[in-house]
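Q: Input sequences plus hints: build the corresponding full structure.
Residue numbers (numbering that gives the first Met the number 0), protein chains in the order written: chain B, 0 to 104; chain S, 0 to 454.
Take every hint as true, because none was put in to throw you off.
The list that follows gives simulated cross-link-like pairs (lysine-lysine, DSSO-like), each with its CA atoms no further than 27 Å apart:
(1) S:Lys47 / B:Lys83
(2) B:Lys83 / S:Lys146
(3) S:Lys341 / B:Lys48
(4) B:Lys83 / S:Lys406
(5) S:Lys118 / B:Lys15
(6) S:Lys314 / B:Lys89
(7) B:Lys15 / S:Lys305
(8) B:Lys44 / S:Lys377
(9) B:Lys83 / S:Lys341
(10) S:Lys428 / B:Lys89
(11) B:Lys48 / S:Lys377
(12) B:Lys48 / S:Lys380
(13) B:Lys83 / S:Lys380
(14) B:Lys1 / S:Lys380
(15) S:Lys349 / B:Lys83
(16) S:Lys377 / B:Lys1
(17) S:Lys377 / B:Lys35
(18) S:Lys357 / B:Lys83
(19) S:Lys305 / B:Lys35
(20) S:Lys314 / B:Lys15
(21) B:Lys15 / S:Lys144
Derived, one-sided and incomplete: chain S residues facing chain B with beta-carbon distance under 7 Å:
(22) Glu265
(23) Ile271
(24) Gly272
(25) Cys371
(26) His372
(27) Gly373
(28) Leu375
(29) Arg394
(30) Val433
(31) Tyr435
Computed Cβ-Cβ distance ranges for the label pairs, DEER-style:
(32) B:Asp28 / S:Glu360: 43 to 49 Å
(33) B:Glu41 / S:Gly421: 39 to 45 Å
(34) B:Gln6 / S:Phe12: 28 to 34 Å
In case anyone wonders, no lab produced these hints; they're calculated from the structure.
Heads up, the beta-carbon is just placed ideally off N, CA and C, and yes, glycines get one too.
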Amino acid sequence: MKIQLRQIAHGRSGDKGDAANIGIIAYDDKGYNIIKKCLTAERVKEHFKGICFGEVERYELPNLRALNFLLHNTLGGGGTVSLKHDAQGKTLAAALLRMEIDDDL
Amino acid sequence: MRESIRIASGQGFWGDLIDAPVKQVVSGKIDYLVMDYLAEVTMSILQKQRIKNPKLGYARDIPELMRKILPQCIERNIKVITNGGGVNPVACAEAVIEVAKSLNLKRLKIGLVLGDDIKDRIDEIISSGCHLNNMETNEPVDNYKEKLLSANVYFGAFPIVEALKSGADIVITGRTTDTGLTLAPMIYEFGWKEKDYDLLSAGTIAGHILECGAQASGGNFLGDWQSVDNMADIGFPIAEAYPSGEVIITKHASLGGKVSYETVAEQLVYEIGDPSEYITPDCIADFTSIRLEDLGNDRVRVYNIKGKPETEFYKVSCSYESGYSAVGSLTYSWPNALTKAKAADMVLRKRLENLKLKFDEIRTEFVGFNSCHGPLSKQLKEDDINEVMLRVAVRSDDYASVERFGKEIAPLILTGPPAVTGFAGGRPKPSEVVAYWPALIPKKLVKPEIKIMEL
Chain B
0 MKIQLRQIAH GRSGDKGDAA NIGIIAYDDK GYNIIKKCLT AERVKEHFKG ICFGEVERYE
60 LPNLRALNFL LHNTLGGGGT VSLKHDAQGK TLAAALLRME IDDDL
Chain S
0 MRESIRIASG QGFWGDLIDA PVKQVVSGKI DYLVMDYLAE VTMSILQKQR IKNPKLGYAR
60 DIPELMRKIL PQCIERNIKV ITNGGGVNPV ACAEAVIEVA KSLNLKRLKI GLVLGDDIKD
120 RIDEIISSGC HLNNMETNEP VDNYKEKLLS ANVYFGAFPI VEALKSGADI VITGRTTDTG
180 LTLAPMIYEF GWKEKDYDLL SAGTIAGHIL ECGAQASGGN FLGDWQSVDN MADIGFPIAE
240 AYPSGEVIIT KHASLGGKVS YETVAEQLVY EIGDPSEYIT PDCIADFTSI RLEDLGNDRV
300 RVYNIKGKPE TEFYKVSCSY ESGYSAVGSL TYSWPNALTK AKAADMVLRK RLENLKLKFD
360 EIRTEFVGFN SCHGPLSKQL KEDDINEVML RVAVRSDDYA SVERFGKEIA PLILTGPPAV
420 TGFAGGRPKP SEVVAYWPAL IPKKLVKPEI KIMEL
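A: See below:
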């Protein structure tokens with residue numbers, strides 16, 4: 000069945016220079032297994048087409064049932080130079096939680 | 000050795016809730032109050048203030064805050080640690096001593112950590128072979144050195160520990176890592192050593208949880224945020240630290256907010272890169288080793304932390320002048336709000352083009368429609384859109400172009416699409432753009448310096 004990622008996970012995002020960091024945390028172990036399979040770096044890059052113009056790095060934190068993504072070339076030059084309304088990528092975790100995934104993997 | 004100590008976070012950035020540190024002091028038991036005032040660009044703002052007035056260049060909220068908390072802190076032996084000394088910790092300490100005098104306090108010892116400001120040493124550092132290459136672009140700093148507004152080394156916890164060993168009631172530093180403020184009292188109280196990497200990492204991770212204030216205790220919580228109790232009187236986080244490196248994150252019971260597995264986990268993943276290598280001047284902490292246990296009653300146990308030896312470098316944060324920017328906005332109402340806002344943007348851009356102004360970038364966003372999530376935003380029928388705020392931002396090295404842009408916004412009200420409002424703030428003024436330059440410097444080239452000032 001198709002569900003929205005926000006039903007099984009939460010998270011927080013912020014800036015690291017011109018890169019945004021998005022940490023996604025599953026509410027339980029089943030959720031972590033799903034995000035571990037679904038949220039590949041490629042899938043996340045595709046999701047943020049038109050927002051992220053660089054490479055996407057992905058890190059696993061199984062101890063927190065979490066994944067961390069670094070989205071390079073995403074914030075319009077970084078916190079101080081950026082002209083973006085969301086220059087620090089504060090709303091990008093919520094943007095990732097919009098993703099539709101299969102929960103029966 | 001004390002069985003445990005309670006370290007309270009009082010501030011997540013300069014501009015955070017002014018009374019948060021006061022509430023941390025008066026609402027229950029704490030042993031240390033730690034306050035992070037410095038973001039990456041703060042140092043450049045403070046440098047400018049010091050150039051205008053040599054008595055400034057620190058977080059000016061500090062003396063007023065001290066007036067409110069100092070008598071209690073002295074009486075109850077609560078030590079205060081802050082990096083709000085900015086680019087002028089000495090002037091900050093002088094101002095605090097003046098406050099102490101006016102409160103008729105009998106004694107006060109302030110420990111200062113200095114030596115992080117290397118702006119005036121750039122030539123010497125370059126000639127020693129360190130070109131402070133930008134960590135993102137690898138470009139040497141040489142071509143930018145005339146434009147530099149600030150250059151500061153991030154020191155870790157150990158200089159603060161030295162100041163505490165001298166008997167300081169308050170420690171005021173320049174650029175110290177946010178995490179070092181929390182780690183230092185643990186090293187001092189529990190006698191941790193420079194090679195106790197697991198313990199140093201445990202204190203560092205506690206510092207990461209505390210460094211953004213209420214972001215660990217229910218603020219900006221993307222989980223079940225509506226379950227956060229009494230956000231109006233939100234309690235900032237407290238780390239109850241033990242000699243074993245185990246830490247319990249909690250808050251004062253009488254204040255609002257929420258400390259749970261989820262609120263702490265969100266802060267743990269905030270602004271990190273490779274979680275297995277969180278690099279600080281003191282150690283490299285491994286976030287993949289962290290175990291969290293929700294004990295209930297706003298208590299979360301953080302344990303099992305592993306770490307590795309520190310690197311041979313300090314991080315350096317430089318800032319430099321990089322032109323000017325301005326932002327203008329207008330609000331268009333139903334019907335056809337988005338179409339009107341888009342048409343106004345086209346009119347504005349045509350006028351800017353006809354004026355032959357020079358911009359590095361012009362950015363248009365439609366607030367209330369897609370400014371946060373861009374192409375991911377839900378497509379709405381035009382008739383369902385109640386209103387849209389047109390937000391246009393420009394950046395240029397040419398001051399005159401940015402200034403002229405500011406004069407082209409308001410005229411759109413009488414000379415553009417209809418049903419428009421929201422121009423009360425006057426013409427947008429050009430602001431100086433300060434760009435950030437992260438670099439590394441060998442530790443042997445800089446030495447923290449401890450100074451004690453007494454009432």
